[in-house]
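Chemist: For reference, the chains in residue letters:
Number of protein chains: 2
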Amino acid sequence: MAWAGSDSQPHCKLSGPSEQAGKSLELDFSVAAVLPAGGSGERMGTAIPKQFCRLFQRPLISLTLEAFERVHWIKEIVVVVSQQNFEFMNSVIGQFGHSRTTVVVGGLTRHQSIFNGLKAFVENQPHQSWLMKPEVVIIHDAVRPFVEEDILYRVATAAKEHGAAGAIRPLVSTVVATNPEGYLDHSLERAKYRASEMPQAFTFDVIYKAYEQCTDYDFEHGTECLHLALQYCGVSAKLLDGPPDLWKVTYKRDLYAAESIVKENLSKSACIITAAQEEPVQLGTLLQEVLQRMMKVDLVKYSSSKESHCIQAISSGLYYNFIYINVHLNNTEALSCGIQKDDFAITKQLAKDAFGKNILIYNLLINYTQSMDKAQESVKEGALIIETLIKQRSPVLTGQLLVV
Amino acid sequence: MAWAGSDSQPHCKLSGPSEQAGKSLELDFSVAAVLPAGGSGERMGTAIPKQFCRLFQRPLISLTLEAFERVHWIKEIVVVVSQQNFEFMNSVIGQFGHSRTTVVVGGLTRHQSIFNGLKAFVENQPHQSWLMKPEVVIIHDAVRPFVEEDILYRVATAAKEHGAAGAIRPLVSTVVATNPEGYLDHSLERAKYRASEMPQAFTFDVIYKAYEQCTDYDFEHGTECLHLALQYCGVSAKLLDGPPDLWKVTYKRDLYAAESIVKENLSKSACIITAAQEEPVQLGTLLQEVLQRMMKVDLVKYSSSKESHCIQAISSGLYYNFIYINVHLNNTEALSCGIQKDDFAITKQLAKDAFGKNILIYNLLINYTQSMDKAQESVKEGALIIETLIKQRSPVLTGQLLVV
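From first to last, the protein sequence lines are chains Z and U.
The opening position of the first sequence corresponds to residue 2 in our numbering, with each subsequent residue numbered one higher.
The opening position of the second sequence corresponds to residue 2 in our numbering, with each subsequent residue numbered one higher.
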């Protein structure tokens, strides 16, 4: 039996199928988004700004863009980057097919960058097309990739009603004020305060007017957009409880966490493909039963006539992992089970070629020429290995022959 | 060649060799620690309280205890757990050899639990021995496992001098005050505030006196110890900048991050063990050269006379990963290289037995009966697999035969 833990597309949607694929939210006003991505990532301790750090060969910002592009009622997305990353960001847009995204050059500070992003909707900037001014604009950090449609919908509708809205979370740590000598001045009562997170949304005119009135001090030291809307437009933002996944990738450990979340999302479902003959189907069904305890598993049988059915499953985008069952019968006692060096080399080459497309291939050999009891045990063990390979997505083991 | 990515001891020190192993800090006053661990972990979304969630078969709290036990000047450690976890916590103490730790039953709230922990130093509580009252007590969360000696030393000495001290970190998010209707009241200027983290330290009498004066309201809603020391003893804590690794494991993503940090710590060094003959040494040296680009690698040669040298390396606790080189020469063309089913089964059984001791074993077969150029390429590929196996520590693949 051979199996491939593969992605259906050259660049899989790393954030996994949306939980809300079923829902279809509609809005009767126009919405666009601005994503400031000019940060240098000094807290990450890496040379690469965190928004460009790669998860499975894909920059973090591309995951965030994908999360926005899944939301059909967000018509335009503007990413604001520093001058030196402008070309690179455009290449990311091209490589990962972010068709609704426009790249804009930012300023020296976060607020200047957001303002530059907003200007893309009202002025004809060099290097970019003129975009239609939306009624509501969502502002979100490039380094918060796990944003879902629900919270985007809630901030957008609240902004339309109240002029401004933002996601908040309970404080994890107590907040303290220090005196100039470095001693505790006072602790804030945790219950009365919240962490202000992203996304935030504003009616376009409110946030644009606020930025127009900003002082140089605001641009340099200003805390956040909600505060500017309050200070310059008298708009008190509606605050909405957001989900925990909104957190900002700030430190290296956050990148580890993001990677694990992506892996988890990718390993929620798999598709077993088998020939229509009795033995492969039997093995496939057995494997499906075991794997189903860990993830959603569908079984697709192929024959010459059903091949298109199979191709359909692969290109549906519903699965990121495929298990292809191929039964070899033999009676040899040696482990190799008739696999000669050449066969092994072919699989390795196949895996090497596929890797460029973010597809990982492994060979799992299950000893099936034995009693049903033993076969079931082997399949169980095989299922555990399959689950691990799907979860770990380790490119180094691609092409390996694994034996249970 | 066979290799084992193994731990030297039944239960490896998951936090890795201390970065500060070289330093030997001394204090001229006595220090103990209290670790409240009574939380229910509701934010984690798991049934198990987060302090008992397992990383590599070991509860998180055991990692935190180990971090404290590495610091020789902390003489006693008191862990405070709920009544229902008392037995379990004691079994963890026994299983992982936490010899300087005493378990105490806590109260209904965090503050009551800390107070109970402090009482262990002044009263003869049921179920525990009377502990010597220290001059300074460090209070730390069970769910902040990556605490280093440096910050413990700094809070302890600052507490001795000022009566109280605590670690702080810059705020990641802006903090906002909400009005009762859920709108923004005001944003705090981020630069003026800090997140109050752990560890904190107090002269014992200051914190004990503060708790003695606490009201029921304080016990139930009180924000944190620093505040109580200020309110009831007029002691304004010295605040010290802490490292980013002090963060609190709060959400599931934090557990992912902790796991990745432990994996990274464990994969910083390895030890290659080879026979003293020409070929294994040659292969071992080649492998060392390649692996050294990714981690610190030492080479130990064994012969009958040097066996003790080898055992010394294994039991030193300096390495968590061993690569054992075993050269088989053969000329067969089949992949199995003469490994028959029985041999494979023996390795699998060996791996199964070792797994209970948190030791992972893999077989990596490098084709070495070829030109030097090709051998080097094979070793390079093998080194990548070794690195991955060391980093991923996947128990499911233990016992596998891998071929390059």
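It is possible that some hints are incorrect.
Each pair may be met inside one copy or between any two copies, as identical chains are not told apart.
Below 25 Å or equal to it, Euclidean Cα-Cα: the simulated DSS-like pairs (lysine-lysine) are [unchecked claim]: (1) K349 to K392; (2) K264 to K253; (3) K264 to K392; (4) K269 to K210; (5) K120 to K76; (6) K302 to K120; (7) K249 to K193; (8) K297 to K193; (9) K349 to K375; (10) K76 to K349; (11) K269 to K161; (12) K210 to K302; (13) K381 to K134; (14) K253 to K381; (15) K134 to K76; (16) K349 to K297; (17) K161 to K302; (18) K392 to K353; (19) K249 to K349; (20) K353 to K375; (21) K392 to K253; (22) K210 to K134; (23) K76 to K269; (24) K349 to K264.
Source of the hints: derived by calculation from the structure; they are not laboratory data.
Chemist: Does each hint fit the structure? Answer for all of them.
Modeler: Quick rundown of the hints versus the structure:
no. : hint         : result
1   : K349 to K392 : both (21 Å within a copy, 22 Å between copies)
2   : K264 to K253 : both (17 Å within a copy, 14 Å between copies)
3   : K264 to K392 : both (6 Å within a copy, 16 Å between copies)
4   : K269 to K210 : neither (45 Å within a copy, 53 Å between copies)
5   : K120 to K76  : within (16 Å within a copy, 62 Å between copies)
6   : K302 to K120 : neither (54 Å within a copy, 68 Å between copies)
7   : K249 to K193 : both (22 Å within a copy, 21 Å between copies)
8   : K297 to K193 : neither (42 Å within a copy, 49 Å between copies)
9   : K349 to K375 : between (29 Å within a copy, 16 Å between copies)
10  : K76 to K349  : neither (43 Å within a copy, 56 Å between copies)
11  : K269 to K161 : neither (36 Å within a copy, 52 Å between copies)
12  : K210 to K302 : neither (60 Å within a copy, 73 Å between copies)
13  : K381 to K134 : neither (57 Å within a copy, 55 Å between copies)
14  : K253 to K381 : neither (36 Å within a copy, 28 Å between copies)
15  : K134 to K76  : within (10 Å within a copy, 66 Å between copies)
16  : K349 to K297 : neither (28 Å within a copy, 29 Å between copies)
17  : K161 to K302 : neither (50 Å within a copy, 73 Å between copies)
18  : K392 to K353 : both (20 Å within a copy, 22 Å between copies)
19  : K249 to K349 : neither (38 Å within a copy, 43 Å between copies)
20  : K353 to K375 : between (33 Å within a copy, 17 Å between copies)
21  : K392 to K253 : both (20 Å within a copy, 16 Å between copies)
22  : K210 to K134 : within (14 Å within a copy, 62 Å between copies)
23  : K76 to K269  : neither (29 Å within a copy, 47 Å between copies)
24  : K349 to K264 : within (23 Å within a copy, 28 Å between copies)
Hints 4, 6, 8, 10, 11, 12, 13, 14, 16, 17, 19, 23 from the list above are not met by this structure, while the remaining hints are.
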